[in-house]
Structures are given as structure tokens and as C-alpha cells.
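**Q** Sequence:
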Amino acid sequence: MHPFRTAVESGDVDAAVRLFAEDVEFRSPAVYQPHRGREAAARLVHGVARVFEDFRYVSEIGEPDGRDHALVFRARVGDREIEGCDLLHENEDGAIAEFTVMVRPLSGLLALAEAMRAQLR
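When we follow my numbering, the leftmost residue of the sequence shown carries the number 1, and every step to the right adds one.
Accuracy of the hints is not assured; some may be wrong.
Computed Cβ-Cβ distance ranges for the label pairs, DEER-style [what the hints assert, rightly or not]:
1. Glu60 to Asp14: 20 to 30 Å
2. Asp79 to Gly37: 27 to 37 Å
3. Asp65 to Ala113: 27 to 37 Å
4. Glu9 to Arg43: 18 to 28 Å
5. Leu110 to Pro64: 28 to 38 Å
6. Arg36 to Ala118: 16 to 26 Å
The hints are simulated quantities; they were obtained by calculation from the structure and are not laboratory data. Cβ coordinates follow ideal geometry from the N, Cα and C atoms, glycine included.
Whole structure, please, built from the sequences with the hints as guidance.
**A** Following this line, the structure appears as C-alpha cells:
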């Protein structure tokens, strides 16, 4: 199991954030431009942790010693069911250098984007 998944499933969002490289590039499904840096990524991950309900990873794809991993999840935002995937790419030091979130369906993405806007105000 990937350490990011372990941290998230145990409710330790700070431990999950510590796995990010200082210059991590976080790509959100709701905005075009990536967020750069651990501080920006931490803000988003903490916000999502407050917004998602019934969050759970349902599968993990990737070689245990590989640098690319896909963590498939399900959650709810209000009355919207969401399916998604966290795509992780690690740098040569093993830190998460790229973090891309994919979410479906569109109605779920819109509910997530609205809830995150409220969180980040």
C-alpha cells in the first residue's frame, strides 16, 4: 500500500502532506493551472478532507517500487456520489512530485468545486 494512501486512510492528513516534494505540482480537476508547492497542495488536501464524506480508496494501481501510482477512490459531496483517481508521480528521492486528481461525473465535480471554493475563502 502506498504511504499516501496509508496516511489518508488513517486520517493523518499532515503525514500525507509531508510526502509531497517542496516543489510538488498539484493538478486539480476544477482548474486549469496547477498549484505549485507543498504549502498550496497542503491547503487543498486539508480542504478536500473537510469536503469529502464517506471517502475511501477502492483500489491501487502501480508497482510497489515504481514511481507512478494510481489510487482509485469513491466519496460523496453532499448528495453527489464521486468516483476519482489520485495519480501520483514520485521524484528520484521518493517524494510526490506530481499529484493529479481526476473526478467523475461532471455533477460531482461541480459539487466538489463549489464546496472547495467555500473552503478556500
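**Q** Output the indices of the hints that this structure fails to meet, ascending.
**A** As far as the earlier hints go, not one is violated by this structure.
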